[in-house]
Amino acid sequence: MSMSKVLRIENLRVAVEGKEILRGVDLTIKQGEVHALMGPNGSGKSTLSYALMGHPNYEVTGGSVTIDGEDLLAMEPDERAKAGVFLAFQYPTAIPGVTVANFLRHAVTNVRNPDRKEGQDLIPMRDFRKEMRQEMDDLGMDQEFARRYLNEGFSGGEKKRAEILQLAMLRPAFAILDETDSGLDIDAVRIVSEGVNRVAGKHSTGILVITHYERILTYIKPQFVHILFGGQIVEEGGPELVQQLEREGYDWIRAKYPDAARREEELEAADPRAQGVGA
Amino acid sequence: MATDLNQQVAGIKEEYKYGFRDSDANYAFKSGKGLSKAVVEQISEMKNEPAWMREFRLKGLDTFLKKPTPAWGGDLSELNYDDIRYFMKATDRQGRSWDDVPAEIKNTFDKLGIPEAERKFLAGVGAQYESEVVYHSLREDLAQKGVIFVDTDTAVREHPDLVREYIGSIIPIADNKFAALNSAVWSGGSFVYIPAGVKVDIPLQAYFRINAENMGQFERTLIIVEEGAQVHYVEGCTAPMYSSESLHSAVVEIVVKKGGRCRYTTIQNWANNIYNLVTKRAVAHEDALMEWVDGNLGSKLTMKYPAVYMVGKGARGEILSIAFAGAGQHQDAGGKVVHAAPYTSSRIISKSISKNGGRASYRGLLKVADGAKGSKSNVVCDALILDPISRSDTYPYIEIDEDDVKIGHEASVSKIGEEQLFYLMSRGLSEAEASTLIVSGFIEPLVKELPMEYAVEMNKLIQLQMEGSVG
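As they're listed, the protein sequences go chains L and D.
Start counting the first sequence at 1; every next residue gets the next number (the working numbering).
Start counting the second sequence at 1001; every next residue gets the next number (the working numbering).
Misleading hints may appear alongside valid ones.
[To be verified] Have a look at the derived ranges for each label pair, beta carbon to beta carbon: (1) Gly1146/D <-> Arg147/L: 36 to 42 Å; (2) Asp121/L <-> Lys1066/D: 56 to 62 Å; (3) Pro1388/D <-> Ala255/L: 46 to 52 Å.
I should point out that these hints are in silico values taken from the structure, not numbers from a laboratory.
The C-beta atom is built at its ideal place from N, Cα and C for all residues, glycine as well.
Turn these sequences into a full structure, and let the hints steer you where they fit.
Structure (structure tokens):
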């Protein structure tokens, strides 16, 4: 990546089932930067990640998202992937009968050759295998893993590792890590984080770490920290914000932004994705 | 090995269209349309058959005419028996070696993509062009062990006692209207005899193809597996597409004797105008194992329920069935297991996919006779519906006359998941590619049971169906 890309989110408003969750979010990420987006349950963190990736249930009601000036919101999810956006899912979906290797070969082929027509050659098996083996070794994954059906019967840790394996293979310009630390023990958080750092270092990936807790941020060190609350970014700063949250929790945010706090309570009640997260 | 296979399948990109036909095929004989005693007698005469086979046919005709068309299953109301040609012979004689096979027919094989290199790995290639097998070979060492693999017409001439003993013994003429029809006008099909204790280590393969408008194909296959013997018989089927109605009605009878094993694998991809009404049944004796692996694509209507009758203690039956119903298609498929002896066990796994208004029905029978104590059966049927206009139904019939049994039955119907599509698309797969991958994953547990080249073909066919380029 010789050219540095910019992902620009401006005044983004997103509704789910007619209910507005994001109420004007502004965030700009350059390649090579690490941003953390923090906030309590129900603040709209996952909504932002799904909206950026183009989930059909997340309706953009205002604002814009561009990647190097190109309108990301006009693209289908696969086009967004090809444009260089990657989402590491909080809850990756199982695809029974489809092996990790087979899936990943399709994905890598498409993302690396964005102009490929359907039915055209996949990337050569030999090269693909070699590369995947290396990445799996780096992530401390057993080679047998490639033969398993995607996310089917995976433990929480295996799912997250599989997401990072995909990140490593797809080498996006921007990666959104949605609660990648949730459900992981401390060793797993470390391994996964090291994986992210290695990939980001190699490919100058712009990273947006979405998290409820500060734990993962001791491994993936953000330069910029944003606090999402009640559907808006209410506080921005550097790593010192993480420390403040660690000391004081989110109560000072709630006290400082009472209107947003009310909305946040409503959202938490309404958003099924927020239920039980981080428990 | 499933991964390797998938990866190879994923790498396949070549054109695969079976919608071609040989415009200049030199048909040596065509019967007129419609069915009568004269037509049946003519078929028998053309084939120089012994009197007993002629009688068998006439009895078949008689029964066919008496029996009503089934009112259950699929819609057969548009099937016009008078508009079907019941017999056709592509060449006057059978090729003795590959060199004798007419170039035109070789050309067809080339289009079907049976690679030269693969042939030597096959125990024999019995290819049915129109109604008769035109090329046949069997590996020499197998022939020396007494293995017989010929087309059934040849078997009537060369092994009349075996044919006479077994034909109609598993599926009687009067079993159903279409079995009766087949008995009257059958032509071609495979005859396989595996002597006691002989284990055939590579699949025996036959390839069928319908290549004439209004041509019925009524092959008759008979497989006899003697005590302790083993065989895997594989049959593939592709057909070009035509606009008028056509009928395929085969009968497959299998006997697996004590301790024997037989697996019968078939993938059928009929043209979308074909009624595919097939009767397949196997009898498994003591400690024998019978496995049906059955893939149904294409056709206008398929009604096919491979059956295993477990008549000896400890016999086992297994039926794996895949059906894909696209636009204008009804796949009424499933399986039947009959436990008629103690400690028998069976398993039916059925996977169906419906798309573009297609309809897939699972129809199954599980029967446990009084006295079949300690028997076990497990039935799993999963349906995947790809869009709101398509349909899936399940008709499981269960008759249990014995208390000491263990029965499991699970059925699931799922729609292709929005979350699955989104997940795959977020990794750069187009919606169509993502759907295809989800579907191939859905049937993967069955596809991995297929021999390599059939698994590859199955996946190619599924890909084509998903792209909508077939019919």
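Hints not upheld, ascending by number: none
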